[in-house]
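This is what each chain is made of:
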Amino acid sequence: MSRFFYPKLAATNLKKNAQTYLPYILTCIGTVMMYYIMVFLSENEGLGKMAGGSQVQSILSMGTYVIAIFSAIFLFYTHSFLVKRRKKEFGLFNILGMEKKHIARVLAIETLYVAGISLGAGLLGGILLSKLIFMVLLKILNFEVPLGFEVSGPALAAVLFLFAGIFLLTLLNTLRQIHLAKPVELLMGGQTGETEPKTKWLLVVMGTLSLGGGYYISLTTQSPLAALTQFFFAVLLVIVGTYCLFTAGSIAVLKLLRRNKGYYYQTRHFTAVAGMMYRMKQNAVGLANICIMATAVLVMVSTTVSLYIGMEDVLRTRYPQHIMISTPMPAQQSVEGLQTSVKEVLVKHGLEGKDRLDYRYVAFVGNQEGDRLITNLSNISDDSSSVREFYLIPLEDYNRLAKRTASLGDDEILIYSSGSKYEEDTLTVFNRTFSVKERLDSFFENSPNRVSISGSYYVVVKDMDVVKAMEEARAKENGDDPSGYRYYLGFDLEADEADISAVYQDIRTALGSDYPGSSIESPVAAKESFFAIYGGLFFLGIFLGALFIMATVLIIYYKQVSEGYDDKARFEIMQKVGMSREEVRGSIRSQVLIVFFLPLVTAGIHIAFAFPIITKLLAVLNLTNVGLFAWCTAGTILVFALFYAIVYGLTAKVYYRIVSWGTSG
Amino acid sequence: MTILEVNNLKKVYTTRFGGSPVQALANVSFSVEEGEYAAIMGESGSGKTTLLNILASLDKPTSGEVLLKGKGLSTIKEKEISAFRRENLGFVFQDFNLLDTFSLQDNIFLPLVLSGKSYEEMSRRLEPIARKLGIGDILAKYPYEVSGGQKQRCAVARALITKPQLILADEPTGSLDSQAAEGLLRLFKEINSEGQTLLMVTHSVKAASHAQRVLFIKDGEVFHQLYKAGMSDEAMYQKISDTLTTMATGGGRHE
Numbered sequence: 001m002s003r004f005f006y007p008k009l010a011a012t013n014l015k016k017n018a019q020t021y022l023p024y025i026l027t028c029i030g031t032v033m034m035y036y037i038m039v040f041l042s043e044n045e046g047l048g049k050m051a052g053g054s055q056v057q058s059i060l061s062m063g064t065y066v067i068a069i070f071s072a073i074f075l076f077y078t079h080s081f082l083v084k085r086r087k088k089e090f091g092l093f094n095i096l097g098m099e100k101k102h103i104a105r106v107l108a109i110e111t112l113y114v115a116g117i118s119l120g121a122g123l124l125g126g127i128l129l130s131k132l133i134f135m136v137l138l139k140i141l142n143f144e145v146p147l148g149f150e151v152s153g154p155a156l157a158a159v160l161f162l163f164a165g166i167f168l169l170t171l172l173n174t175l176r177q178i179h180l181a182k183p184v185e186l187l188m189g190g191q192t193g194e195t196e197p198k199t200k201w202l203l204v205v206m207g208t209l210s211l212g213g214g215y216y217i218s219l220t221t222q223s224p225l226a227a228l229t230q231f232f233f234a235v236l237l238v239i240v241g242t243y244c245l246f247t248a249g250s251i252a253v254l255k256l257l258r259r260n261k262g263y264y265y266q267t268r269h270f271t272a273v274a275g276m277m278y279r280m281k282q283n284a285v286g287l288a289n290i291c292i293m294a295t296a297v298l299v300m301v302s303t304t305v306s307l308y309i310g311m312e313d314v315l316r317t318r319y320p321q322h323i324m325i326s327t328p329m330p331a332q333q334s335v336e337g338l339q340t341s342v343k344e345v346l347v348k349h350g351l352e353g354k355d356r357l358d359y360r361y362v363a364f365v366g367n368q369e370g371d372r373l374i375t376n377l378s379n380i381s382d383d384s385s386s387v388r389e390f391y392l393i394p395l396e397d398y399n400r401l402a403k404r405t406a407s408l409g410d411d412e413i414l415i416y417s418s419g420s421k422y423e424e425d426t427l428t429v430f431n432r433t434f435s436v437k438e439r440l441d442s443f444f445e446n447s448p449n450r451v452s453i454s455g456s457y458y459v460v461v462k463d464m465d466v467v468k469a470m471e472e473a474r475a476k477e478n479g480d481d482p483s484g485y486r487y488y489l490g491f492d493l494e495a496d497e498a499d500i501s502a503v504y505q506d507i508r509t510a511l512g513s514d515y516p517g518s519s520i521e522s523p524v525a526a527k528e529s530f531f532a533i534y535g536g537l538f539f540l541g542i543f544l545g546a547l548f549i550m551a552t553v554l555i556i557y558y559k560q561v562s563e564g565y566d567d568k569a570r571f572e573i574m575q576k577v578g579m580s581r582e583e584v585r586g587s588i589r590s591q592v593l594i595v596f597f598l599p600l601v602t603a604g605i606h607i608a609f610a611f612p613i614i615t616k617l618l619a620v621l622n623l624t625n626v627g628l629f630a631w632c633t634a635g636t637i638l639v640f641a642l643f644y645a646i647v648y649g650l651t652a653k654v655y656y657r658i659v660s661w662g663t664s665g
Numbered sequence: 666m667t668i669l670e671v672n673n674l675k676k677v678y679t680t681r682f683g684g685s686p687v688q689a690l691a692n693v694s695f696s697v698e699e700g701e702y703a704a705i706m707g708e709s710g711s712g713k714t715t716l717l718n719i720l721a722s723l724d725k726p727t728s729g730e731v732l733l734k735g736k737g738l739s740t741i742k743e744k745e746i747s748a749f750r751r752e753n754l755g756f757v758f759q760d761f762n763l764l765d766t767f768s769l770q771d772n773i774f775l776p777l778v779l780s781g782k783s784y785e786e787m788s789r790r791l792e793p794i795a796r797k798l799g800i801g802d803i804l805a806k807y808p809y810e811v812s813g814g815q816k817q818r819c820a821v822a823r824a825l826i827t828k829p830q831l832i833l834a835d836e837p838t839g840s841l842d843s844q845a846a847e848g849l850l851r852l853f854k855e856i857n858s859e860g861q862t863l864l865m866v867t868h869s870v871k872a873a874s875h876a877q878r879v880l881f882i883k884d885g886e887v888f889h890q891l892y893k894a895g896m897s898d899e900a901m902y903q904k905i906s907d908t909l910t911t912m913a914t915g916g917g918r919h920e
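Sequence order for the protein chains is A and B.
Under our numbering, the first residue of the first sequence carries the number 1, and numbering increases by one thereafter.
Under our numbering, the first residue of the second sequence carries the number 666, and numbering increases by one thereafter.
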């Protein structure tokens, strides 16, 4: 036999199966490209050297793992679909006298071709695109764009290593399947297992419970801190629920419909119910995959986009004032000393502090239980939802700032609550019970930590003696030294960012070592690192979103193709039995529509239920603009749905071509 | 009374890439009387299936006409053709053409459901048919769960349930073992004896020998026909075999 026989045969095979192989190869190229770019960015030295760059890179390197794992699973999955379609072909080769080792040889050469094309085109595309993507990333991050073009050696190596592994694995898996099968089985490969699906009530119940549980968690979780821990659990529940309900739930519903004779034996419902049952059995897992992926894309993109767009909001929430100083007292210098230092800096810059907020306070953390605050650290419970931050502030400072002349008794307090409402009439802390004289509804909006992941209470007490007494009680309870009170000074500046930044730097220097333990914060100073983190997340969200969409497209495409082949025969039978072509076409079209838009609608429902918990999570990340998030979510869903519909329309064409109306006419 | 009348039917296929046209039917004329059991025989490629497809209104002739109870199939509008087919014709196919997404009962109900009949009426109609065909206890099963013979009996039930003018059977014994084939042919006879008109296309001598009349098609024309009259199945079998031999060895027309 000619030396070129096998390579030639392999090439012909690929060409003959272009309809299914082309999308597969395109996906391989796409994943190679994306993986190269991601590794390139996360290893890029120039990016690492930029301020905040290393934060971005640690986010991106997370992305490389996601892409690697996802590529492996996904390519493996699609390839097994290709093999299923080709089993008949292998059986024919086998019967025509090719031994399994010959088939293996052809398959190995095919894999080599596919790998060669994918890696070649993918790396080329990746290298060319990496510069563009790099510039986009820097633009997102507000970084300077450097000149120059580079090819990353380590990224090349990583790609070759990963994808060689994936291709080898898929080949081995195919060989295993071929090796195990008998020729006759291979010939029949395309048409086994048309048994009616069983109703698995256990799965239905499990699915309903876990989906309901996931939704319940999302709807009822109140505190952002709890949301942080519960979210992952809720996601797991929803994923489990989605799989169970798509596989078992759909079948159960259809069977119930079928049992209802008056409904089932109607022209319109009859073929639809039976057809859907058959389709769901074949596609439930694939559809659940699409649904979960769609949900993931929507959540990822909508949150990262709203974080990025809401950056200014986020900064303003996290840093309510332009300059925020907090320092422990008594220090070497007095409060007046600090104020003077700050004043000098401001005078030097010709600026004046606005909306000045300054007060002495003591802060501590505890669990709220009704009207009691449990502060003993060893007793702080795991229930993160009851964690509260307390700020005790003397009345004197409050009156000064609020320009009021309120008065308080020894055991009376004013309380301002944020994050969670304080509804009790008394407050007991360190065995001392205070009665709430008044609930404040304004004044501390601009305090630091106003929006914390747990609730915060600003408690105004009679005087500094009470404040100090409480701090001593706290220290005694926890067996450490009383740290005294702290002093907070914050104000806004009417100046541009550069000036604020200069003021920030000068005050920082002025405070220097005179105020150990003091901190100074400013949104301007934090902006860079916020851009690094949220910009990085935004970039990752879009990038992974694109990858997932690509996967969704491919799954949809393969569904259409395999459905097309199956439906062709059924379509012909139905015509013979007396259904008009129009009826068949209408029935099949509506079924296909349901099948494809079911995941999208379900994803939409998931998102709607996830909305409350995600807003809480975003609050942890300092995004409290629910309106913005709602708009971003709606926008993302709209764009995704549009994209999905386009993909559906394009692949439906392939489907109708396969079924090719009119062959039997 | 004549149920089916076929006049000068001609069908020419032109291939898509401009190859030479293939003549499947040259000039076919025959008629089927009410209550008759006729068989059409011919080798592969003789035009049997084309003929049947035209009779079933699945295909259109190049020229000539088909009249069902005096009504020309070509005069029926495209929109009504499916309903017409559903109500007037029953089909039995070689490969059963049962949908594996439906239980056998639902497969049988399919044409009635398409006509919008109620469940009560459908079950009322099915009951005597199922008893006659002996499929009462497998109705809840699915096509892949039963034998070929059982599948074919269900297909017959599906054809009968619409009370059609004419049942068209395409190679109905082709996928059955000899015992199942024998059973089916007995069944056809029985149905026919109750007044059902049957037209069967086959190249099985055995199957054809059960019919009252056998039409032979060769090269797209009715070559010859045999009447069973009072003959036994065996004698008819012999006669058909002889005719086929004559046809194959190129003898001229006789009788």
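Treat the hints as calculated values from the structure; they're not laboratory data.
Incorrect hints may have been included.
Straight-line C-alpha distance at most 30 Å; calculated DSSO-like pairs for lysine-lysine [said to hold, decoys possible]:
id, chain 1, residue 1, chain 2, residue 2
1, A, 476, B, 736
2, A, 255, A, 576
3, B, 806, B, 854
4, B, 797, B, 828
5, A, 568, B, 744
6, A, 568, A, 15
7, B, 871, B, 797
8, B, 782, A, 198
9, B, 806, A, 281
10, B, 904, A, 576
11, B, 725, A, 261
12, A, 653, A, 281
13, B, 806, B, 734
14, A, 198, B, 725
Okay, the hints, checked on the actual structure:
1. With a CA separation close to 107 Å, the supplied pair residue 476 of chain A and residue 736 of chain B exceeds the 30 Å bound.
2. Taken as a hint, the residue 255 of chain A and residue 576 of chain A pair is honoured in the structure, with Cα atoms around 26 Å apart against an allowance of 30 Å.
3. With a C-alpha separation of about 27 Å, the suggested pair residue 806 of chain B and residue 854 of chain B falls inside the 30 Å cut-off, and the hint holds.
4. With a C-alpha separation of about 15 Å, the suggested pair residue 797 of chain B and residue 828 of chain B falls inside the 30 Å cut-off, and the hint holds.
5. With a C-alpha separation of about 21 Å, the suggested pair residue 568 of chain A and residue 744 of chain B falls inside the 30 Å cut-off, and the hint holds.
6. With a C-alpha separation of about 23 Å, the suggested pair residue 568 of chain A and residue 15 of chain A falls inside the 30 Å cut-off, and the hint holds.
7. Restraint check for residue 871 of chain B and residue 797 of chain B: the C-alpha separation of about 23 Å stays at or below 30 Å, so the hint holds.
8. As the CA atoms of residue 782 of chain B and residue 198 of chain A are separated by approximately 29 Å, the hinted pair is consistent with the 30 Å bound.
9. Only pairs whose Cα atoms come within 30 Å are accepted, and residue 806 of chain B paired with residue 281 of chain A is accepted, the gap being roughly 18 Å.
10. The hinted pair formed by residue 904 of chain B and residue 576 of chain A fails the criterion: a straight-line CA distance of about 34 Å is larger than 30 Å.
11. Restraint check: the Cα-Cα separation between residue 725 of chain B and residue 261 of chain A comes to about 38 Å, which exceeds 30 Å; the hinted pair is violated.
12. Our distance criterion of 30 Å between C-alpha atoms is met by residue 653 of chain A and residue 281 of chain A, whose separation comes to about 23 Å.
13. For the proposed pair residue 806 of chain B and residue 734 of chain B, the alpha carbon gap of about 37 Å is over 30 Å, so the pair is violated.
14. Annotation: proposed proximity of residue 198 of chain A to residue 725 of chain B is violated, straight-line Cα distance about 43 Å (limit 30 Å).
In this structure, the earlier hints numbered 1, 10, 11, 13 and 14 are contradicted, and the remaining ones agree with it.
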